Amino acid sequence: DIQMTQSPSFLSASVGDRVTINCKASQNINKYLNWYQQKLGEAPKRLIYNTNNLQTGIPSRFSGSGSGTDYTLTISSLQPEDFATYFCLQHNSFPLTFGSGTKLEIK
Amino acid sequence: EVQLVESGGGLVQPGRSLKLSCAASGFTFSNYGMAWVCQAPTKGLEWVASISTGGGNTYYRDSVKGRFTISRDNAKNTLYLQMDSLRSEDTATYYCARQAGAPFDYWGQGVMVTVSS
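Protein chains in written order, with our numbering: chain A, 1 to 107; chain B, 1 to 117.
FYI, nobody ran anything at the bench for these hints, they're computed from the structure. Being a predicted model, the structure only gives us computed values, none of them experimental. Any given hint could turn out to be false.
Claimed, not checked - Derived pair list, reagent style PhoX-like, types lysine-lysine, alpha-carbon separation capped at 20 Å: (1) B:Lys43 <-> A:Lys45; (2) A:Lys39 <-> B:Lys43; (3) A:Lys103 <-> A:Lys45; (4) A:Lys39 <-> A:Lys107; (5) B:Lys43 <-> A:Lys103; (6) B:Lys19 <-> B:Lys65.
What the hints assert, rightly or not - To give an idea of the chain B side of the interface with chain A (calculated C-beta under 8 Å), a few residues: (7) Glu46; (8) Trp47; (9) Ala75; (10) Tyr80; (11) Arg87; (12) Phe104.
To be verified - DEER-style ranges, computed between Cβ atoms: (13) A:Ser14 <-> B:Gln3: 34 to 40 Å; (14) A:Gln3 <-> B:Ala40: 17 to 23 Å; (15) B:Thr28 <-> A:Ser14: 23 to 29 Å; (16) B:Gly66 <-> A:Asn52: 35 to 41 Å.
Virtual Cβ for every residue (Gly too), placed ideally from N, Cα, C.
Between the sequences and the hints, there should be enough to build the whole structure, so can you do that?
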C-alpha cells in the first residue's frame, strides 16, 4: 500500500499569508494526487486534481505542484473562508490512500 | 446540479448488517465510477470501496474485504454498500463520491454508522 505522509498536521496563519501543505508518498505516484478541503460538519470538496489542475469554481489562489513522491498545495493569500482541514489523496493505485490532514487555523 | 444523497445509516450491534444507499441525480450515473469513503469521528478520510461504471469491477480496502459489498443499479441511479459482520471500528460517517477520471469530484453529505452494543 502507498503511504501518504502529510505535513504539517496543524498550521496557524493569518489572513493574507501564503501557506504550503505537503504530502510525501512512499513511492512514485505519477502525479495522481488530489487535494481536498473539508470544513467542520461538511463533506470534503475537491480543490486540485492530478497535482496541478484546479477544480472548476475553485479560486486561483489555490495551486498544486509536485512530481514523483513529493507534492505541495499552496494558498497564495489566505482568506477567512480558507480556514479548514486539507487532505491529499493518491489515486495512482488501489488501495487509494489519503494523507492524515492539515488543520489550518487562524493565528 | 449533481446531487448524491446517502441513506440507511444508524445504530447497529456488532456482528449485524446494514445497507447504505446513495441516490444520484443531475448527471448520467451509468457513465461514472463511484466509491464509498468513510471518516471515523474526529479522524481522517479512508477509502472503502470503488465500483466501475457497469459494476463489473469492484475494489475494496483490506479491512472490509469479505464483509462489505459495493454494488450499483444504473436503472435506479443508485449506489449501495452492503455492510456485514460489522465491527466497532467500522463506526464512521460514510460518504458516497463520484469518480470522474480523477476521484472524487462530488460527494454526498454523508451518513453516520454507529456499531455498538
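The hints, checked one at a time:
Distance check on the hinted pair: Lys43 of chain B and Lys45 of chain A sit about 17 Å apart at the alpha-carbon level, within 20 Å; holds. The hinted pair formed by Lys39 of chain A and Lys43 of chain B meets the criterion: a straight-line CA distance of about 13 Å does not exceed 20 Å. Between the alpha carbons of Lys103 of chain A and Lys45 of chain A the distance comes to roughly 15 Å, so the proposed pair stays at or under 20 Å and holds. With a C-alpha separation of about 17 Å, the suggested pair Lys39 of chain A and Lys107 of chain A falls inside the 20 Å cut-off, and the hint holds.
Distance hint between Lys43 of chain B and Lys103 of chain A is fulfilled; the C-alpha atoms sit about 12 Å from each other, no more than 20 Å. A distance of roughly 16 Å separates the Cα atoms of Lys19 of chain B and Lys65 of chain B; the hinted pair therefore holds under the 20 Å criterion. A distance limit of 8 Å between C-beta atoms decides the matter here; for Glu46 of chain B the minimum to chain A is near 7 Å, and the interface restraint holds. Because the beta carbon of Trp47 of chain B sits about 4 Å from the nearest beta carbon in chain A, less than 8 Å, this interface hint is met.
Here the hint on Ala75 of chain B is broken, as its CB sits about 26 Å from the closest CB of chain A, past 8 Å. For Tyr80 of chain B, the interface hint is violated, since its Cβ never comes within 8 Å of a Cβ in chain A; the closest pair sits about 19 Å apart. For Arg87 of chain B, the shortest C-beta to C-beta distance to chain A is roughly 18 Å, which exceeds 8 Å, and the interface hint is violated. Among the interface hints, the one on Phe104 of chain B holds; its C-beta lies about 7 Å from the nearest C-beta in chain A, closer than the 8 Å criterion.
The supplied range of 34 to 40 Å is met by Ser14 of chain A and Gln3 of chain B, whose beta-carbon atoms lie about 36 Å from each other. At about 18 Å, the beta-carbon gap between Gln3 of chain A and Ala40 of chain B stays in the expected band of 17 to 23 Å. Checked against the hint of 23 to 29 Å, the C-beta distance between Thr28 of chain B and Ser14 of chain A comes to roughly 44 Å, which is inconsistent with it. Between Gly66 of chain B and Asn52 of chain A the CB atoms are about 38 Å apart, so this pair conforms to the stated range of 35 to 41 Å.
In terms of the numbered hints stated before, the structure departs from hints 9, 10, 11 and 15, listed from lowest to highest.
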